[in-house]
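Chains as they are written, first to last, in our numbering: chain A, 1058 to 1241; chain B, 69 to 667; chain C, 4 to 464.
Just to be clear, a hint being listed does not mean it is correct.
Claimed, not checked - If you want the ones that stay clear, here's a sample from chain B, every Cβ over 10 Å from chain C, calculated: (1) 94; (2) 125; (3) 177; (4) 287; (5) 514; (6) 586; (7) 628; (8) 637.
As the list claims (entries may be wrong) - Listed next, the in silico SDA-like pairs over lysine to any residue satisfying Cα-Cα at most 20 Å (straight line): (9) B/342 x C/86; (10) B/137 x B/308; (11) B/586 x C/34; (12) B/586 x B/596; (13) B/137 x B/75; (14) B/342 x A/1156; (15) B/586 x C/219; (16) B/586 x B/515; (17) B/125 x B/91; (18) B/137 x B/109; (19) B/125 x B/72; (20) B/586 x C/319; (21) B/125 x B/109; (22) B/342 x A/1216; (23) B/125 x B/308; (24) B/586 x C/86; (25) B/342 x A/1059; (26) B/586 x C/27; (27) B/137 x B/297; (28) B/595 x B/581; (29) C/173 x C/34; (30) B/342 x A/1204; (31) B/342 x A/1153; (32) B/137 x B/91; (33) B/342 x C/124; (34) B/586 x C/226; (35) B/137 x B/214; (36) B/137 x B/115; (37) B/342 x A/1084; (38) B/342 x A/1064; (39) B/342 x A/1208.
These aren't lab readings, by the way, just hints derived from the structure by calculation.
Note that the structure is predicted; figures quoted are calculated from it, not measured.
Ideal placement from N, C-alpha and C gives every residue a C-beta, glycine not left out.
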Amino acid sequence: MTEGPPLERLTRRLQACPDALLHPESVDVPAVLADVLRDLAGDPLRRVGTPMLPAGASPRTTGVALVTAWLLADESFRGLVSPDAARQLIARDLDALAAVVSAEDCVTDAGRREELARFVLAALDLRPAGETDAQAADRLATLDSAARLAIVRETHAAEERARQIREAMARRAREEAAAKAMRE
Amino acid sequence: MSDLDALRATWEAAWEPALDCWSPFTRLRRPTWCLTEEDEQREGLTGSFAMIRLTDKAVCISLRQVAEKGIGAFAREVLAHEIGHHVLAPGDLSRHARSLAHIRLGLPSVEHLSPMVANLYTDLLINDRLQRQMGLDLAGVWLALDEGEAQGAFWTLYLRTYEVLWGLQSGTLARGPRTPRLDADAVLAARVIRVYGRDWIDGAGRFAALCLPYLLDEVEEATRAFRAWLDTTSAGQGGFPAGLSEVSAGEREGAIHPAFDPLISGISAEDARKILAGEGGGVATIGGQKSEKTYRGPVEYGDLLRLAGIAVTESEAAVRYYRERAVPHLVPFPSRVTSRSTDPLPEGLETWEVGDPLHAADWVETVFRSPHVIPGMTTVQRSYGTEEGVSPERQPVDLYVGIDCSGSMPNPRRQVSFPAIAGAVVCLSALRAGASVDVVLSGEPGQSVGLGGPTRDESRVLALLTDYLGTGYAFGVHRLAETFGPDAPARDRPMHILLLSDSDLFLMLEATEEGAQKPYGQRASGKGPLGWDVAESALAAAGGGGTIVLDLPPTSHPEPVERLRQQGWDVHFVREQAELVGFARAFARAVYATERAEA
Amino acid sequence: MSHPRPRYREHAPLLTPAGDALLRRMEQHAHAPVWDYTCGDRLVEADLPVLDAMCAGLAHDPPAGVIPDAVLDRLLAQRERVPHLRRHLPDTRDEIVRQWATLPTLSRDDLVHSTPAFVLDDADLDRMVIYATSGTTGHPILIPNHPIGAAAYQLLLDRALALWGVEIPKGPDAMANALVCAQAETIQYASTLTVWEGAGHVKVNLHPNGWRQPSDAAAYLADFDPPLLTGDPLSFATLLDLDIDLHPLALVSTAVALSEGLRQRLTERFGCAVLEWYSMNEVGPIAVLCPTGEGHHVLDPSIYVEVLDAEGRPCAPGERGEITVTGGRNPMLRLLRYRTGDTAALASGRCACGSTAPRLVGLEGRQLVVFRSASGACVNPVDVSRILREHPLVQHRLVQDAEGRCTLDLHAAGPLDVAAVERQLATLFGGLPLAIRLVEGFEGKVVPYESAVGEEPGLGR
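Sequences and hints are given; from them, build the entire structure.
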């Protein structure tokens, strides 16, 4: 991995994301994305015509894509990131994250800001300045919302039902049982 | 010993800086230092090296163990942590007990672990704040105390939570085996600490629900592993929290796994529902008992007190419980302007607790003590004594309360008893107004117990109201003769008779004194006057009127009801026992709030 | 019509005015015990068709040697809705039958540790009722059940009594059943039972503590003279001692093993059928003693009873092993191959009584243990359990030696008030020497109660 920008710089940038970008319906999404790519290429006249988002991209993915575009437009990425890598990130990698994290969270919630910044860095094969590869991987794994949700689906749902049964048992144990003609 | 003395000097010196971590105005007694095992035993410090007591704002540290465990260098960390328990969480006894109520619901079948989980939870809140905002090295304390023992899953989860909170490389503190699931739970636990940092009691049930599966798997290991850390498990000793009979907002709903809390897991409420519904037929929502939406029962109340480290017997818990249930319905204290019979004499200051009436706090004295007001800690109220005044203008009428305590009534110590709440409302109101009270519980044929005459002693009144007989079928009308008959001791004030019963009272009215002890069909026979006659003459002798409240529909038994009214009784009906409380409130106002009207 | 008694709205929604009159007669009797509990059958209108269907299903004996169809039908129907079945049960009828012997068995520990795994996903938790049961671990555990599961006892009792040629008169004009106990302390209540057409049922304690006057117990029971008496052997022994003027049609002994000696004395004294009944809270009724005395019949086609060896393999007919049950009448728990801890052998062939139902011979369940207090009076282990239940314990073991000295080993689950335990037990045992030891755990299977004092009650005179 190559050393990328410091993490704090990126989370601060996310925090400063313009409100307008949180409303995809009022934004010319392809234009914004194309601008970012041209910036990264350092060539304002370069053609980046192919649409970056799949045609049926969900509103959630579009939202996260816009915030990601805002992040990638940070100067610290210039020269570090190729337009192709950025295109691939936006077109392919964001779906899973967007399924569990909203664009708004990526701006307003400290944990999600850090997660998106780390997610983007990792997808571009970068690590935050001042961290080792291992540290970066460890921290990203810790913050991984998609992985966590999978676990919630797998185990926690059954556990929550189990907890409710135990709670009912504890509560009912304090109350009267039903009369029957004998006891054990 | 000289080593310990030196240690003591260092730790003494660290006290003020530790206080400064919270607020320069924090006022606490200096810690009690234990240098020997005897010291520790005397202070009740067993198993752990530090502890707090909320009731007297005590911090107690075993320097002997501090030296032994090699954490002498962390004076400020340890002391600031203990202070945190007094200032941040739990802060005071009432919050301590309420948080236990939340936690208990998150730990069904291992409720007895609630005090430990409460301790661990508040430790997380305090340590996170000290480490991140004050720059103290709490992680260092953990590392210093690590003796390299195997860490169970719960222990690992707990330490992993600190790693997540403080951005530490995994494995720094948590050495036990980790699974993706444990990592996910640690992140959720860390989010509970951050998201509910301010309203930490609301997060308590969530934290407990998260701990539950781990605790079910290793009850004993967990109890053993954390023993040395528990510093709040006897925090309630010697005190009494107010407002605990009420189920606080969010308590019942709060015990949910944080994975399903949109505020924490980032999951949307809709997704949470969907996932839960995917599990078979979906998660049942458990409805509470309808009449008891906002109050817990006396048994649960007593359990909570004990979890908070307060030793109470079943009857003590019941007295506290019914007093608390009655207080909101009491008549206001007679205004001092009109009450010339007693003069309040300021006697001194006592702590004003959260839950005491707001107007009772003495703000001047409070601010004089400490400019930084912490309710329940620095707040004080004046306590008043009374002195016999001169020439009372009007005597409130004394009260005789007769309660049907037969087998058809619930035992107030085990189930919520509306007759007991209603009895407490009228009796405590009467006592407030300056009247004396006599209470008779009667379940006849069988037993009757009474106070043996009017008293002003609130604790005796409440102890009897929460007692239980469970015999017979009705209030023994013939008992009235013991207080109002020709052979009864003389009384110098008029008395109002209030009877709480049901339709079986009519059987008693129809029975002779001897017949009342006999089975159905034979009650009109035998010696002694009929119940009707006893009732009539008692009402006349009491001199303060009489009220009978019956648990039955108003239209049933029209004839005997009419006969009671002709005797001069005021007859009321309640359709459900819960209505008794409303009746008692209205009754207390009608009979005992008159003095206020004169103001 | 308004409910005759507000207090019973929740406990007995189907209480009729006639039932209410009976209830009052039982509650308000001049010699009534000190009631301290409200209890009803909690049945609602919607339960009645379910119970009717259950009744119809009981018309035939279960088959011997194969898994009853009713058991298989229900397993298949509920396979997707019970976590444990989802995990372990094959998804077709043929596969279930084929793989049966390899399906995992369940221990009591499994049940205690993961009770929710055996509850239907869509079970209505609002209707759950809890029975606390003290098992072989010595510490009581909570078993969820349902009002229908409780009512099933009455229906199965009818079936069992029919085997003995006895029919209990039903209806809201009389007390049909007294459940008698003999303990220092236990709850007492009066109630009516809907499935017995509103007949009366009381639970009363023969111990003098339960009454206003010691003579009340005899006067009360003699007055109602219930045709069916239920209770554990110790309570029946106490009944013999009290020599109450009763004329029951049947005595049904539950909870612990009834010795043949005591059974004969009861038969002689009361001149009626004396049945031993084998049931457990986890699955409901399992079997009842055959009138020939040659073993216990399984009467319920909804339960499958196996006898397994220590390795979990089915025992050959006549070979003793652990009784293992599947199904049963507890709607809140769906147990698969649950090992009861009791032993017996499965008999082969038709019983002398003519029944083809599966038959357990040599049943050895929980054994009766009786302690003595300083005065020589019987102390029921249930009283010890009741006291210990209030304290955080994992397990306990109480041994009384021939001289009456007691040793109590406690494995605590949390901070324990040893002084309080000592005080409460001292009261129960009238101050006999008692040594309490705190232990970190027990080795192997724990026998919670052992006593070396005296002979069996009821036989001593």
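Which of the numbered hints are not met once you compare them with the structure shown? 3, 4, 5, 6, 10, 19, 20, 24, 25, 29, 32, 37, 38
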